[in-house]
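S.K.: Residues per chain, in single letters:
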Amino acid sequence: MRKSLAVLLTILAISAHEAEAKLKKSMKKECLVCHENWLLEAKVDSPKLLLKSPVKAADRIMCLSCHDGSMADDRLTFLGLSHFSHPVDEEVPQDFKMPEGFPLKDGKLYCGTCHTPHTETGSEKKLDYTFMRKPNVNSALCVACHEENSAHGENHPILEETEDKLSGAAVERIKELGGKFSSSGQMLCESCHAVHTASSEKALIASVSDSKLCSICHEENVNSKEHPSFRNHPINKDFPEEADVSFFKAKGAITDSVECLTCHKVHKEKNEHLVVAPEKELCILCHTDERWVNETKHNIEGKSCKSCHTPHKAKGRRLWSRPIPEEAFDYAFLIEAGGKDDILCLSCHFPQNRIAGKEVPDVGTLTHPTGKEVKEKVNLPLPGGKLSCTTCHEPHHSYNRRRDGKFLRKSRLDLCYTCHKEQSDVKLGAHGKIDEKRWERGDCAACHSVHKAKGGYLSRVVYGETSPMEPPVDGFCLACHDPEGMAEHKIKQSVFNEHPVGVDNPSDKLPGDKISCATCHDPHTHKEELLRIPVKGSSQLCLTCHTDQKLSGTPHDFLNSSEVELTEEERKELLKKGVCSACHTPHNPEYKVLWAKKPGSGKTIGEKLCGTCHVEGGMAEDATIGEHSHPIGREITEKNLEMIEASRLPLINQMTGHPARKGEKGILDCATCHEPHGGADKERLTRYVVEGDSPLCTSCHTAQAAVIGTEHDLRVVGKNYKNALGKEVLKDGVCSACHVPHRAKDKLLWAFDVEEVSDNKMSNYCLSCHREGGVAEEKVVEHYTHPKKDVVVRNFDRPGRMGDWPIFTKDGKEVHAGGEIACETCHDPHVWSKWQKEPPGKPVEGNALNSFLRNKDLRGSICVDCHGPEALYRYKLFHTDRVRLENPSYK
Amino acid sequence: MKALFAGLLFLLSSLAALAGEEIKGDWKFPSDIDVYAGRVYVVDGLNNRISVYDLYGNHITDIKAENPYGIDVEDGLIYVTNQKGKLYVFDEFGNLERELSLEGRPIDVKKVKDRLYITNGEDESLDIYTLDGELIERVGGKGTSPSNFVGIFLLDASKDRLFVVDSVNARVQEFNLDGEFVGSIGRFGIEEGELFRPKGVAYCGDGKVAISDGITGAVQLFNQYGGFEELVMSGLHYPTALACYEGELFVLEPLQKRVSIFRLQGVK
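As they're listed, the protein sequences go chains A and B. Per our numbering, the first sequence starts with residue 1, numbered consecutively. Per our numbering, the second sequence starts with residue 1001, numbered consecutively.
Derived by calculation from the structure, the hints in this document are not laboratory data. There's no promise every hint is true.
[As the list claims (entries may be wrong)] Stretch by stretch, here's where chain A covers chain B in the computed footprint (C-beta under 8 Å, at least three residues):
id	region
1	1151–1163
2	1167–1173
[What the hints assert, rightly or not] Have a look at the derived ranges for each label pair, beta carbon to beta carbon:
id	chain 1	residue 1	chain 2	residue 2	range
3	A	Ser229	B	Glu1103	42 to 52 Å
4	A	Ser229	B	Asp1091	29 to 39 Å
5	A	Lys202	B	Glu1122	50 to 60 Å
In this text, a Cβ means the ideal position worked out from N, Cα and C, and glycines have one as well.
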């Protein structure tokens, strides 16, 4: 066993020794470990050969046999050879001049072009040197072939200080991806290129087709999710359709999408900032429509796009490059510029700004609004869905490419009408033909200034100083429609007020909180009189606000009333201008209350207005007030004022012609009782009806209302009495039995002729009925006279005077002395009894406490004044034969 | 006659190997393989994983690891090196049990008994560690003498011997478990029985050692004393790692993304 072991050990020792000896013996082994084809066996046709064909040192697999993780782990390098590595096994382009000392294999690049194990400068600790044909210190090896890609000024800089240019994070990221920096931190070719371990084309450590590589260092020059506030030209975007991609393709730029290397070239580019075309030409290759800016004033100092924009680190939206001064923000606040990018425009266009020695126009303080939404979709840009400067203006050129085109997106008319569709009818109307020598038909600028307007509604002109109480639009209209204006239709030619403006608009069917010209008129329409609602026929426009002044069913509805006879011409005129125009006109009135006609004569407004027609020879001459009519125009006594206020009938303000409002002075006038547009009684146009209890009369004459229910209320005695004017008690009210307000027979507004039964008119009022054949013939008074001869009756106030004892002259005038005792001295025809609360309501026999007597006894009476103790006797038997027979003075 | 004999020998060698079975994967230049308990472990380091298959090539799972390079599966534990000085120990389910820091540039690992044997590319040495990662001994260094290495690479072991690929020196060196040089297998050359650029080694039992050659594309069988036994297969494309399991030889061709399986005659 021991022997066997010894033999075995000997064999082993010999075997090991032989192998070692062979290695030592072959002085070429160091060469042969790579130059396999130099082996003698490789040159003979041995059946034991394991290889069918020799492997050369320059073959890639020979390199791999050490770099597969044994001597070094360069597997990624070898994998990269067929992907993103520096090209190997490829022919060198014909125009590429290989420097000396960099061999090719069969005319192709191979590992040995750059690498060699025979270098004497090699050091395993310095991989820049090891096995490189030239030490690649500071990219020297790279530059040896790629000198043109390293020249300063035409290439991405290398070997420059990066301390202030690169963030630590960027450096770390580059290193993570396999990039390298010089020992002093400078950029190298290998900062972007990893010759064998690249992960992207052109041996780059990251892709440039999506700008990832550039973004690592140029972090602030690209927008990103991490830095959404950065303002840079967008990348990773499709080209705009109109872009001239062919130029970029010819330059070898990235064209699948817009990337850093679409505009920039990293190598061999002479343009500043390494852009593929001079900056003046570059932007417009894609932004083709904006190229016209070079022909405009916005090509400031010949800087083209860079006049206002910068592709990187912009100061505002839209890659704005210009400073935005405080004045611009103040100005934007002042004019309420609310559009998304307005501040960019205003950064230059603020007052008194000068650029390059030239004053920059501003938009004034009254300018077209921005920042507001439009009512409907329009084919104009609306940044953020709202109006802005750029809605109308294309800052790079005008629609017609003309220098004086004011950067408008469309012709002025088309532009305005794009949003203001409803106003486009102006072309068809009178306002579309203003100063046709100067303005195109329908040109908005004839009236409006979009910027630097002089008044409301962007008016181009204003009429003097308008009252702050008046809507600004009125100054706008009056600029042309005043008596000296250019408009054909002039207003304010009358000394009397026009239709009021500046007051609250009562209607929600017409625009504006306050009444203005534009409440009734639409200046942009072509319809009749530019009215928003027609007036013809029923005057619907007027009635929209004056809802309580409909004339329908009244005699003042001239177009429909059977009581009015119109000539054909008058009817046509009324049909055209509306029924209200019979009396009123909104402009240039002849008198107050917008009176359209020459007013009649008279003291009060009512007399003048009503007297226009209700006058002899007038349209309503059959409805005049006559010689004796209800008094109007008198100064209102305190007593009457209380009476009228209680009635709630209006006094009429003689300044305005309208019912006096609280605190205003007014007088009794036609319109106190009458409402010419209707009223409660549309036939009589009275504010209250007269039928029945005659509320119109009794609302004021409350004391006389006591007649209702008495036997002087002819309804009580069952008689439908018709007075001399044809008024019937049952139809025309209780008062109409004796009185009428107009065309009365005398001052007491008596409704019929008074019979001369006695020589005293006051008594005759009573006796006209209380006589044989009179209405009250069943109550005929035979004895009613009081002696007059040698009798002077006095009704002065004296100590102890009691009761009510009026005396009258022969013609019925009440006096205090020298008058006669008439029926009304003892009787009040309106009051059946002062001492009984309710009227009888039916025919009854009277007594001393009723019977329309003014007094129930004679204490303190004028009777006692003369007759003393006999007075009672005489008073009681006044209407009897007895007292008259006994007293010769009655004879 | 000589050529006829050589051809016949080549044919027999080919027949000796039961060709036709292989495992393929979407690997990126895998570096090592091992077979244990019916599972094939493929180190797909550039994809940061170890792909696990059954013997029929069905993919079972992936074990995540950072840049793994060498592997040895023993006693239900998976030992994995990476060339940045780490050794990971996973359980059979792929859970990381331990992470050890190693010296130099660890290439491959073999666990035998209570020792870890690591080939160290930086120092061209065979480093012997305890299971806790304590370096016990370093064998070798750069050179051509016995127990020196130029291009030390993968290794395998029998129960008492270590077989270490000495790639540029064109040999496989044999050590005992204490790291003492025992002998060398292979001589420089490109004929049968010779090695030009050995890459993988596997002990296949019965004193047989299989060695792959990346340049010649051959896998040859030697005895542990250095004697050439037979050519298992030639014409492979850059074969590297080997593993023997129950009489079958698993050969990794990383550029082909393939593990070929050969049955060895006469090997239990």
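S.K.: Hint by hint, say whether it matches the structure.
M.R.: Structure-based check of each hint:
{"no.": "1", "hint": "1151–1163", "result": "holds (count 3)"}
{"no.": "2", "hint": "1167–1173", "result": "holds (count 5)"}
{"no.": "3", "hint": "A:Ser229 x B:Glu1103: 42 to 52 Å", "result": "49 Å, holds"}
{"no.": "4", "hint": "A:Ser229 x B:Asp1091: 29 to 39 Å", "result": "50 Å, violated"}
{"no.": "5", "hint": "A:Lys202 x B:Glu1122: 50 to 60 Å", "result": "33 Å, violated"}
In summary, the structure is inconsistent with hints 4 and 5 from the numbered list given earlier, while agreeing with the others.
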